[in-house]
Every structure is written in C-alpha cells, then in structure tokens.
Amino acid sequence: MSEPVRAALAAIVEGRTLDLQTARLAMGSVMDGEATPAQLAALLVALRMRGETVEELAGFATAMRERVLRVEAPDGTIDVVGTGGDGSGTFNISTTSALVVAAAGVPVAKHGNRAITSRSGAADVLEALGVRVDHTAESAATDLRELGFAFLFAPGFHPAMRHAGPTRREIGVRTA
113 MSEPVRAALA
123 AIVEGRTLDL
133 QTARLAMGSV
143 MDGEATPAQL
153 AALLVALRMR
163 GETVEELAGF
173 ATAMRERVLR
183 VEAPDGTIDV
193 VGTGGDGSGT
203 FNISTTSALV
213 VAAAGVPVAK
223 HGNRAITSRS
233 GAADVLEALG
243 VRVDHTAESA
253 ATDLRELGFA
263 FLFAPGFHPA
273 MRHAGPTRRE
283 IGVRTA
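Just so you know, we're using the numbering used here here: the sequence shown kicks off at 113 and counts up by one.
Among the hints, erroneous ones may be present.
Claimed, not checked - Across the chosen pairs, the derived CB separations fall in these ranges: (1) A119 - A215: 45 to 53 Å; (2) P149 - R128: 22 to 30 Å; (3) S232 - G145: 27 to 35 Å; (4) G145 - E167: 23 to 31 Å.
Keep in mind that the hints were calculated from the coordinates and are not lab data.
All C-beta atoms in this analysis are idealised placements derived from N, C-alpha and C, irrespective of residue type, glycine included.
Produce the complete structure using the sequences and hints provided.
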C-alpha cells in the first residue's frame, strides 16, 4: 500500500490537481513497487478522465529520471521517443524520424518499447530491420559514439517501470 498514491488519489477525487512534488512522490512510489495494482489503476484512470496537467507530467518525469539507467552520450545527442501509438494506425513515425536524423549526422538515442497500443513499437520495427535492441548502458554508449545511433529499450533503461507495465496493459486505455 502506497501512502503517496493514496494522497494523490484523495486530491484528485476532491477535484484538485497535483503539484509537482506530490506527483513525483506518487510516481516514485509506483516505480519503487510500493503501490498496489488497484492503486495504480485508480490513479491512472482518474488522471486520464480528468486530464493530466503539465505539472503532474513533470512530476512523473522527474521520478522516472531519478531512477533511469544512465547512458554516456556524445555532446549533441538527442533522444527521440514516440507516444506509444497515435490511434490512427499510421506507421511508426518516431522511429523513422530517429533514423533520418541519425543519417543526417546527429547522434540519436531512440527510446522506445514493443507495441502496446499500436501495431508496431520501436523495438518491433528496429528488430525487423536488424538493429540491436538489447543494449546495456555500455553498449549503447559505444554505438552512440561509433554509429551515431542506439536504441534504448524502455524495460532495460527504466527497470522500475516493471511495476506499472502489467497494470497499464490490463487497463487497455492510453494513460500517463
């Protein structure tokens, strides 16, 4: 049972938005495995129904960045990440964009996952193209330095999200 998630849920039910710190603590609790699946589902659905604020998303991002596996990247490296499916059945635009930018000489760390809400996730597309998707922080740094491109498979670089993945898949709707 997570007290930070309980506090966040109480605030949302009372019609309040979460400040950055409250959102950060709630997401940190989720990522640390303290929240129950029911708490996580309630939080995600409540936020989705009301609409997430910029401050809430910033708090979630801060919690994730505090727990991410870091990669040493060359100066000027950009991270291209998609939305996880655009809902209109288009091809994987973010992965295509990442490859075009890398081909133009800008080092790209393409962040992504397998398909969850779309037909093809970044990992699926890159794997089909023969691109390595199972990087460690060290091998990703080497590929960024030598090739100008590396794929950062979300489960490998955000291992704490394993606590949220099954619940998010089971909910079946797009969430923060």
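Hints and how they fare:
Between A119 and A215, the C-beta spacing of about 47 Å keeps the proposed range 45 to 53 Å intact. The hint said 22 to 30 Å for the Cβ distance between P149 and R128, and at roughly 24 Å that hint holds. Checking the proposed 27 to 35 Å range against S232 and G145 shows it holds: the Cβ atoms sit about 30 Å from each other. Taking the beta carbon of each, G145 and E167 are about 25 Å apart, inside 23 to 31 Å as hinted.
When the structure is compared with the earlier hints, no violation turns up for any of them.
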